[in-house]
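> With chain B held as given, fit chain H onto it using these hints.
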Amino acid sequence: MTKTITDVICPFCGTLCDDLEVVVSDDGKQLLEVYNSCVIGTEKFLHSQAKDRVTRPRMHQEDGSWKEVSYDEAVEYTAQMLAKAKKPLMFGWSSTNCEAQSVGNEIAEISKACCDNTAATCHGTTLIAVQDIGLPSCTLGEIKNRADRVVFWGCNPAHAHPRHMSRYSIFPRGFFTGKGQMSRKLIVVDPRCTDTAKMADMHLQVEQGRDYELLDALRVALKGEWLPDVVAGIPAEKIREAADTLKSGRFGIIFFGMGVTQSLSKNHNIDGAIALTKDLNEHTKFSIMPMRGHYNVTGSGEVFAWQFGFPFSVDLTRGFPRYNPGDTSTIDLLTRGELDAMFTIGSDPGAHFPISAVKPIANMPSVCVDPHLTPTSGVSKLHVPVAFNGVECGGNCYRMDNVPIDCRKVVEPPEGMLTDEQFLIKVRDRLKQLKGVA
Amino acid sequence: MSEYIIKNGHVFDPVQGIKGDKKDIAIKDGKIVDKVGSGAKVIDASGKTVMAGAVEIHAHIAGPKVNLGRIYRPEDKLFTCTPTKGMERMGGGASIPTTFKTGYEYAKMGYTTAMEAAMPPLFSRHTHEEIRDTPIIDEGAFPVFGNNWFVLEYLKNHEIENAAAYIAWLLRVTKGYAVKVVNPGGTEAWAWGLNCLSVNDPVPYFDITPAEIVRGLIEANEYLGLPHSMHIHPNNLGNPGCYETTLDTMRLAEGFKAKNKFGREQVLHLTHTQFHSYKGTNWGDFESGAKEVTDYVNKNKNITIDTGNVTLDETTTMTADGPFEHHLTGLNHLKWANVDVELETAAGVVPYIYSPNISVCAIQWAIGLEIPLMMKDPMRCFITTDHPNAGPFTRYPRVFKWLMSAKARNTLIDSFKHKDKVLSQTSLGSLDREISLYELAQMTRAGPAKSLGLSAVCGGLKPGMDADVAVYNFNPDKPVANPDDIETAFSRCAAVFKSGVQVVSNGDIVSNGNKRTLWVDVKVNENAQVARDISEKFVKYYSMTQNNYEALGHHFVPNPFALEVDATQV
Chain B
1 MTKTITDVIC PFCGTLCDDL EVVVSDDGKQ LLEVYNSCVI GTEKFLHSQA
51 KDRVTRPRMH QEDGSWKEVS YDEAVEYTAQ MLAKAKKPLM FGWSSTNCEA
101 QSVGNEIAEI SKACCDNTAA TCHGTTLIAV QDIGLPSCTL GEIKNRADRV
151 VFWGCNPAHA HPRHMSRYSI FPRGFFTGKG QMSRKLIVVD PRCTDTAKMA
201 DMHLQVEQGR DYELLDALRV ALKGEWLPDV VAGIPAEKIR EAADTLKSGR
251 FGIIFFGMGV TQSLSKNHNI DGAIALTKDL NEHTKFSIMP MRGHYNVTGS
301 GEVFAWQFGF PFSVDLTRGF PRYNPGDTST IDLLTRGELD AMFTIGSDPG
351 AHFPISAVKP IANMPSVCVD PHLTPTSGVS KLHVPVAFNG VECGGNCYRM
401 DNVPIDCRKV VEPPEGMLTD EQFLIKVRDR LKQLKGVA
Chain H
1 MSEYIIKNGH VFDPVQGIKG DKKDIAIKDG KIVDKVGSGA KVIDASGKTV
51 MAGAVEIHAH IAGPKVNLGR IYRPEDKLFT CTPTKGMERM GGGASIPTTF
101 KTGYEYAKMG YTTAMEAAMP PLFSRHTHEE IRDTPIIDEG AFPVFGNNWF
151 VLEYLKNHEI ENAAAYIAWL LRVTKGYAVK VVNPGGTEAW AWGLNCLSVN
201 DPVPYFDITP AEIVRGLIEA NEYLGLPHSM HIHPNNLGNP GCYETTLDTM
251 RLAEGFKAKN KFGREQVLHL THTQFHSYKG TNWGDFESGA KEVTDYVNKN
301 KNITIDTGNV TLDETTTMTA DGPFEHHLTG LNHLKWANVD VELETAAGVV
351 PYIYSPNISV CAIQWAIGLE IPLMMKDPMR CFITTDHPNA GPFTRYPRVF
401 KWLMSAKARN TLIDSFKHKD KVLSQTSLGS LDREISLYEL AQMTRAGPAK
451 SLGLSAVCGG LKPGMDADVA VYNFNPDKPV ANPDDIETAF SRCAAVFKSG
501 VQVVSNGDIV SNGNKRTLWV DVKVNENAQV ARDISEKFVK YYSMTQNNYE
551 ALGHHFVPNP FALEVDATQV
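Sequences listed follow chains B and H, in order. 1 is the number of the first residue of the first sequence in the working numbering; add one for each residue after it. 1 is the number of the first residue of the second sequence in the working numbering; add one for each residue after it.
Looking at chain B on its own, in the form it has when it is part of the complex (with noise of 0.2 Å):
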């Protein structure tokens, strides 16, 4: 007999889908098959089940090989290397739950850590800009019932958050948008032809790198002023057009990724989209949404700010939180050659950074946990797997619209395995005896 559990949340991209199902072997111990959920979020289930699963840490060797160790010789190597670090580095969190980001708070700030997570190569730009001009925002059930104007703006639901479109802003019945895809218009601005462009009733071929201009035409056409013939390599007739139809709805929403905030004049361009919204305020409803990208990348920032003040690159150094992006954030730290230790957890800087600031990973001690073998595990001293988040264990996640879900536990780890929070914990209550706190 097998078990099926249902109201599964899918911990992989910032969608947080909590409609799966998981059939189960009757021990629990088994995961048999997902439904409802998408290829990527399958994937990261069954892989769970991989038979050539690293279940132990390891360390590795001069030589270059890996040695297996226990949990409480990882713990004393992790608890060791922090307390004996100037300026340390915490990395990571957003692929782990909000009670281990607050464990992994409590850690820093003991060691007097730098604490980032993946907003630092991601949306951070977009938090420096709601820092200097806020952000009208709503939650993805406002754009299921009201949306009549959707704009994906530098990402591809498409291909990276696969279920977006069917579940909040395209396809869906919501109260007042009974005919589904038919009562909405899909603007997306992309410099590709992507399969999200393909399914757009307007798409605006934006030159590449010329985001903030087509911003700041859209903003101009809204107020009826004049406009050269071109744009951003957009006509000027198609750019009045879009904002036409933009201000034509009754409720609107811009989605935005990567394709902004880090391509050229990064914060600028999310700036410029901000104030594009406030001023469709004036004619309609419209809102704004990042569409973050690591299932708990938007808890991460939820955790840092209420405990630190901050939503990132928060620096603890000085035994208070201080916070400079450029100055604080991970990148220029790596880079600098400032830190004298990293601690790298659920994300993946070795297969994301650039090179001159993951060599430093490999020449300090560092620690990386996480389930799978990713680049950042290789180049790190101490490999710690721990236990699937949102497969083998539960726990707080943010969804990208910052509505927090509690994900569910549907199968036992392998026998053994701690999860990142039972690894943390005693991490701290080490690093307590070896700093002398209470």
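Be aware that a few hints might be false.
As the list claims (entries may be wrong) - Derived DEER-like restraints, expressed as beta-carbon distance ranges:
| # | chain 1 | residue 1 | chain 2 | residue 2 | range |
| --- | --- | --- | --- | --- | --- |
| 1 | H | Lys-41 | B | Asp-132 | 36 to 46 Å |
| 2 | B | Gly-28 | H | Ser-535 | 24 to 34 Å |
| 3 | B | Asp-132 | H | Gly-263 | 47 to 57 Å |
| 4 | H | Met-87 | B | Asp-201 | 55 to 65 Å |
| 5 | B | Glu-62 | H | Met-87 | 40 to 50 Å |
| 6 | B | Asp-327 | H | Gly-17 | 55 to 65 Å |
To be clear, the hints were calculated from the coordinates, so they are not data collected in a lab. Cβ atoms here follow ideal geometry from the backbone N, Cα and C, with glycine treated the same way.
Quick look at chain H alone, frame taken from chain B:
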């Protein structure tokens, strides 16, 4: 648990009618008791003021909009960060302090209970995570109901029983404390960029008026017999002339009588009254409507209010009144954040600088002080700053100073750039009343505790009540040489006990206490229609499933204190 005896202090306790007499307060097993053994630890309070722990009835201290404020205002942390110190975790923030700092700051001022004033139900799990991380103080959170689709649909047809069953369900799944209403109908209208500015403006699509929502929720609240009454932020906040909407709103409570087992007497709590007491037609002829509003409240015993004192600081406004925040950003052009919440509510955040050099701000400050000075019954008027909207809660000692000393008020008025305008548009200059320590204890302890239905638990020093006690370095026998001494004394307690544990000693945190989450557990009869409506809304319109909606488990509410209500026999 240890025993304590607080000796020779001047005790002010409205619950027992003690007005500054020298009296010993004994603490044992977390409660106030008649006497303790000789081994009890002695706290010498001679020459000091002893009161119950203060009760905050309305503040925005935990949850999504508070944290949005923290996230988008790094400037609020400038020069306000505090390092790790003994028991204290590090923190930061002035108008929106981090959770740890929030707990410590309240405790250091002698506050031991606080209510988070607006919890969007969809975000209850977030609110409870922050409450968990706010040390020492007991906290409850009010879920918002005034723009909730279930409520709008039930009350349109006057289905009180169904509305009540829904309220009971929502309080249970969100671990909520009371029925909060913010801009009834107006926030739903805001989802289309509209608003309801009077109690008779119909809500788009739902075709119900704010008046029907307010009356229906009072009725449902009393049907259930909840500890607190309906707690309302009326329509038309902050506009010149809004006092008429406020009076219209309060008139909706006429004819209703409180029905509950918690000793509460009001059926409507009007919050941050200052923001709702404006006369005039524009910002030029802006004037105080405090007299009209307090006259009405003085005559109608079924209403309690809190003040919402402007403290003349830079702060961060945040409210579930979404359209108001949009209006405000249009006035001050500072950054605007907004969150519309599906089926339930919305919220907005805008920074604001209350400058003493701007006549409107100075008049707002004066109105906030007129209200408590004009209220005849201090047991029905509570001091708040609607933290952080009119000012940060850390300014309470300063508000106390202004209320307790006419000299302090007049000195400040004299320094205003628009002194004449403040004097002509308000009557503060002619009010020479000074709030006594006994009245202060009514306004900050016994009164709010009673209004919240907690009069058996906190807000007093009667044996049997929770041992929440604050000792201030303030000698009531000595004349006040300098009004600033009042502010200094109330800023940092000599000692604070929370449920019998000493948490503050000489102004320093010495324990993280035994914080509880207060919530109201209402039993109602099974209601098949409401159960069906709830499941239908989740299947069709919510973006999450019903089974993931509840704030469940140790992580969210590690130390619950549930007030039980049985409404099955109604």
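> Confirm or reject each hint.
Outcome of the hint check:
The beta-carbon spacing between Lys-41/H and Asp-132/B, approximately 53 Å, falls outside the hinted interval of 36 to 46 Å. Taking 24 to 34 Å as the suggested C-beta distance range, the pair Gly-28/B and Ser-535/H conforms, at roughly 27 Å. Distance hint check for Asp-132/B and Gly-263/H: the Cβ-Cβ separation is about 50 Å, which falls inside the suggested range of 47 to 57 Å. A beta carbon spacing of about 59 Å between Met-87/H and Asp-201/B agrees with the range 55 to 65 Å that was offered as a hint.
Hint check: Glu-62/B to Met-87/H, Cβ distance near 44 Å, so the stated range 40 to 50 Å holds. Range check, Asp-327/B to Gly-17/H: about 59 Å between beta-carbon atoms, so the 55 to 65 Å window is met.
The structure fails to meet hint 1 from the earlier list, while all remaining hints are met.
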